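Novice: Go by the hints and put chain B onto chain A.
Take a look at the letters that make up each chain.
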Amino acid sequence: MTVTTTSPRGDLAAPARAAGVGRPRRGPATWLRGGGLHSLVFLLPLLVIFGVFSWFPIVRAVIMSVQETNLVTDPTFVGLDNFRHVLADPLLWKAVQNTLYFAFLALLFGYPVPLIAAVLMREVRRARGLYSALAYLPVVVPPVVAVLLWKFFYKGGPTGVFNTVLGWVGLGPYPWLQDASWAMPSLVLAATWAGAGGTVIIYLAALTSVPAELYDASEVDGAGLWRKIWHVTLPQLRGVLFITLILQVIGTAQVFLEPYLFTGGGPNNATVTVLLLIYRYAFQNSLGGDYGAATALSLMLAAVLAVFSVLYFRLTRSWSTS
Amino acid sequence: MRSTRKPAALVLVGALTTGALAACSGGGDPQDESTNSAGQVTLSVVSLLPGSTEEAVAAFEDQVAEFEKANPDIDVQSEEYEWKATTFAAQLAGGTLPDVFEIPFTDAQGLVENGQLADMDAQFRALPYAEQFNPTILEAGTGDDGHVYAIPAKNAYPVALHYNRQLFESAGLDPEQPPTTWDEVRQYAKKIADANPGVAGYATMTQNNTGGWQLTAQTVARGGRTVETDADQKATATLDSAGTKETLQFLHDLRWEDESMGGNFLLDWGSINQEFAAGQVGMFTSGSDIYTSLVQTNAVDPDSYGLAPIPLSDAPEAATLTGGTLAGVPANVDDGVKDAAIRWIDFFYLNKLVDEDRAVADAETLAKNDQPVGTPVLPMFSKEQHELNQEWIADYVNVPLDQMTAFTDAMFDLPLAGEPSQKTQEVYALLDPVVQAVLTDEGADIDALLADANTQAQALLDQG
Numbered sequence: 412m413t414v415t416t417t418s419p420r421g422d423l424a425a426p427a428r429a430a431g432v433g434r435p436r437r438g439p440a441t442w443l444r445g446g447g448l449h450s451l452v453f454l455l456p457l458l459v460i461f462g463v464f465s466w467f468p469i470v471r472a473v474i475m476s477v478q479e480t481n482l483v484t485d486p487t488f489v490g491l492d493n494f495r496h497v498l499a500d501p502l503l504w505k506a507v508q509n510t511l512y513f514a515f516l517a518l519l520f521g522y523p524v525p526l527i528a529a530v531l532m533r534e535v536r537r538a539r540g541l542y543s544a545l546a547y548l549p550v551v552v553p554p555v556v557a558v559l560l561w562k563f564f565y566k567g568g569p570t571g572v573f574n575t576v577l578g579w580v581g582l583g584p585y586p587w588l589q590d591a592s593w594a595m596p597s598l599v600l601a602a603t604w605a606g607a608g609g610t611v612i613i614y615l616a617a618l619t620s621v622p623a624e625l626y627d628a629s630e631v632d633g634a635g636l637w638r639k640i641w642h643v644t645l646p647q648l649r650g651v652l653f654i655t656l657i658l659q660v661i662g663t664a665q666v667f668l669e670p671y672l673f674t675g676g677g678p679n680n681a682t683v684t685v686l687l688l689i690y691r692y693a694f695q696n697s698l699g700g701d702y703g704a705a706t707a708l709s710l711m712l713a714a715v716l717a718v719f720s721v722l723y724f725r726l727t728r729s730w731s732t733s
Numbered sequence: 278m279r280s281t282r283k284p285a286a287l288v289l290v291g292a293l294t295t296g297a298l299a300a301c302s303g304g305g306d307p308q309d310e311s312t313n314s315a316g317q318v319t320l321s322v323v324s325l326l327p328g329s330t331e332e333a334v335a336a337f338e339d340q341v342a343e344f345e346k347a348n349p350d351i352d353v354q355s356e357e358y359e360w361k362a363t364t365f366a367a368q369l370a371g372g373t374l375p376d377v378f379e380i381p382f383t384d385a386q387g388l389v390e391n392g393q394l395a396d397m398d399a400q401f402r403a404l405p406y407a408e409q410f411n412p413t414i415l416e417a418g419t420g421d422d423g424h425v426y427a428i429p430a431k432n433a434y435p436v437a438l439h440y441n442r443q444l445f446e447s448a449g450l451d452p453e454q455p456p457t458t459w460d461e462v463r464q465y466a467k468k469i470a471d472a473n474p475g476v477a478g479y480a481t482m483t484q485n486n487t488g489g490w491q492l493t494a495q496t497v498a499r500g501g502r503t504v505e506t507d508a509d510q511k512a513t514a515t516l517d518s519a520g521t522k523e524t525l526q527f528l529h530d531l532r533w534e535d536e537s538m539g540g541n542f543l544l545d546w547g548s549i550n551q552e553f554a555a556g557q558v559g560m561f562t563s564g565s566d567i568y569t570s571l572v573q574t575n576a577v578d579p580d581s582y583g584l585a586p587i588p589l590s591d592a593p594e595a596a597t598l599t600g601g602t603l604a605g606v607p608a609n610v611d612d613g614v615k616d617a618a619i620r621w622i623d624f625f626y627l628n629k630l631v632d633e634d635r636a637v638a639d640a641e642t643l644a645k646n647d648q649p650v651g652t653p654v655l656p657m658f659s660k661e662q663h664e665l666n667q668e669w670i671a672d673y674v675n676v677p678l679d680q681m682t683a684f685t686d687a688m689f690d691l692p693l694a695g696e697p698s699q700k701t702q703e704v705y706a707l708l709d710p711v712v713q714a715v716l717t718d719e720g721a722d723i724d725a726l727l728a729d730a731n732t733q734a735q736a737l738l739d740q741g
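Protein sequence lines correspond, in order, to chains A and B.
All residue numbers for the first sequence refer to our numbering, where the first residue is 412 and numbers rise by one.
All residue numbers for the second sequence refer to our numbering, where the first residue is 278 and numbers rise by one.
Chain A with its partners taken away, still in its complex shape (with noise of 0.2 Å):
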């Protein structure tokens, strides 16, 4: 028995398309009869969850930037008064600085590690699906759990793990989470290990659908592993890179896990990121937080990040129909 569940929309819309004729007239019960309630129907459920876990707390956000509230006393109308306080906050800059540097680091160390990765197993004949399991292996590690494990080796000291193994080669010992310098570049080697393995498969994906040919052209022409990988995998994957650029951009920005679980932003605030003082702003006052502050900054960052998301949109959407 075969049900048919073409739309009755579709039905009517194909003829007049395929006449080039213009869109006809629809009222409330041609809309009905056209299935318009069906279709809103099926809508609800998203538009629930999305109304309720997305868009009432954005809207939310945005009334309380304007108020003093500890959601526990009534609320009271500041105007812009924590917009100016925050931007006031020297930490704030502190933090920013901070983000930037955790920004910069995670691309010159975080970037290309997964793209080095990526060619370097497509080059290998033998057990690719091994390395890239292997990849693979940190993401499905609980984040938790994977930072408790790194506060283990980054034990500062002589008898850390770290500190030990590099003492053995007459290195160290290091600081690690213990000093300000030091800080910041642990907690990006620590946040690139765990996350480097899905873009290696994305690299991977992309580096499949590269022509064949072109590589058998360079080779013809004599080029080397690393004139190939400059002349064709590289441009080939441009659109690719790009991509993953623009999400580590955003995501970077960010950042939180990695510095209220291993540092909690210090030491002495080097850690503290735009996230961190958010949450610092609602959290860190036992007896109501601050989150006409925290509520403002976010709405700050979230304009910073629009950019960013704007520009991902563009890319994708001429990159998907190139």
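Keep in mind that the hints were calculated from the coordinates and are not lab data.
Remember, it's a predicted structure, so these values are computed and weren't measured experimentally.
A portion of the hints provided could be inaccurate.
Unchecked claim - Label pairs and their computed distance ranges (CB to CB):
hint, chain 1, residue 1, chain 2, residue 2, range
1, B, Gln464, A, Phe719, 55 to 61 Å
2, B, Ala342, A, Val580, 55 to 61 Å
3, B, Asp580, A, Val470, 27 to 33 Å
4, B, Gly328, A, Val580, 48 to 54 Å
5, A, Leu482, B, Gly328, 24 to 30 Å
6, B, Glu416, A, Ala499, 34 to 40 Å
7, A, Pro523, B, Gly328, 38 to 44 Å
8, B, Thr506, A, Leu722, 35 to 41 Å
Every residue gets a Cβ at the ideal spot worked out from N, C-alpha and C, and that includes glycine.
Specialist: Just chain B, lined up with the frame of chain A:
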């Protein structure tokens, strides 16, 4: 088929949506639902620290069972709890605090002013021993209107010096002779660190407001104060006092000259306990009552534990900082819950201090489950009552009191000072990075760090 499947799908989608909405609504505020289907008052209470041992949980469950047997109209629901500024703020804002929760002395006044604590005065006054409380301790939970909102419950403690006797011995130190001056602390720390590579001879908390707390405690022990309050309750930040500078210089010297503070300078209340129980810390300062949680959560070796008073300098104002824990009830509960709450507070926290039968029963339950009995704390009532209580439970005391005599012999003679009363946790938070800076940056400018923190603290205090 076509005509039946489509409506069925619509119904299904509609049902799922309704279900999602119902799930999101969550059934309203759980605190409104004070009675269950059996007509019992449902009372949610805090139990133990997360990660407590099975024995500790068993002992607590025995106590709940005993309470419910004596109070059949109350159904106790317990949840693990560790007071942290950040998680408490989230629970407070989210309305998810249990009906009986614990707060530090420092937070009670602020919560009362914000209308977040239930007025428990009537229930409290009905307790037969209400008039016997130490008035200073009772004051911590009393509002400006004279009503009791938060009840001294779990403990009152002075900050003390905790030390690892085995590390003392390994360094050739006599564990029966803990340090009595800060100079001795420094010397001992150096010996412990030299004899045990990788171990901190001395450590201090630095995170989650505890860095500020312990900096304040050590400042007070040197005769300084971090906040001064005049008769009109106007508070002045004095973070740059000589006592604070001396404390930070002390930490700096141990860290950079002696290298006797190990390799971890990001510690809070829980993690320093963990390090200490693991034998990675020789000495540190914290509330005198932590032995209980060291056993319940960190499985400390009892033989390794030693307790002494925090060293006091010769300065006339030198004192031991005190603190404590109060039991509070959310402002929005009904009288039925308040009545049930006071019965639980009486049973679980207080009656065992004044009633012999209850004291013995409680000690017996704890001892049966290998839980600490007899950890030294300050008396909630009079010294005589405290001593009487200790006599009642003497047969069940299982904490190594003979390893704590340096503290217990002196505890009633210690000059005591309360924590700052205004913006306490916020000022502590300002001091965390100062302590971290001194321990992680050899060139840290102590004067400049304190001057900056003092300006910020005064701005906070001026907000009122």
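Novice: Are aspartate 580 of chain B and valine 470 of chain A spaced within 27 to 33 Å by their CB atoms?
Specialist: 60 Å, violated
Novice: Could you check the hint for me, namely that glutamine 464 of chain B and phenylalanine 719 of chain A are 55 to 61 Å apart, CB to CB?
Specialist: This hint holds: roughly 57 Å between Cβ atoms.
Novice: Looking only at beta-carbon atoms, does the pair alanine 342 of chain B, valine 580 of chain A fall within the given range of 55 to 61 Å?
Specialist: The hint (55 to 61 Å, Cβ to Cβ) holds, given that alanine 342 of chain B and valine 580 of chain A are roughly 59 Å apart.
Novice: Quick one: are leucine 482 of chain A and glycine 328 of chain B within 24 to 30 Å, going by C-beta?
Specialist: 29 Å, holds
Novice: Okay, glycine 328 of chain B versus valine 580 of chain A on CB: inside 48 to 54 Å?
Specialist: At roughly 37 Å between Cβ atoms, valine 580 of chain A and glycine 328 of chain B fall outside 48 to 54 Å, so the hint is violated.
Novice: Taking the beta carbons of threonine 506 of chain B and leucine 722 of chain A, is their distance inside 35 to 41 Å?
Specialist: 54 Å, violated
Novice: Quick check on a hinted range of 34 to 40 Å for glutamate 416 of chain B and alanine 499 of chain A, using CB atoms only.
Specialist: Because 37 Å falls inside the window, the suggested range holds.
Novice: So the hint says 38 to 44 Å: do the beta-carbon atoms of proline 523 of chain A and glycine 328 of chain B match that?
Specialist: With Cβ atoms ~40 Å apart, the hint holds.
Consistency note: the structure conflicts with the earlier hints numbered 3, 4 and 8.
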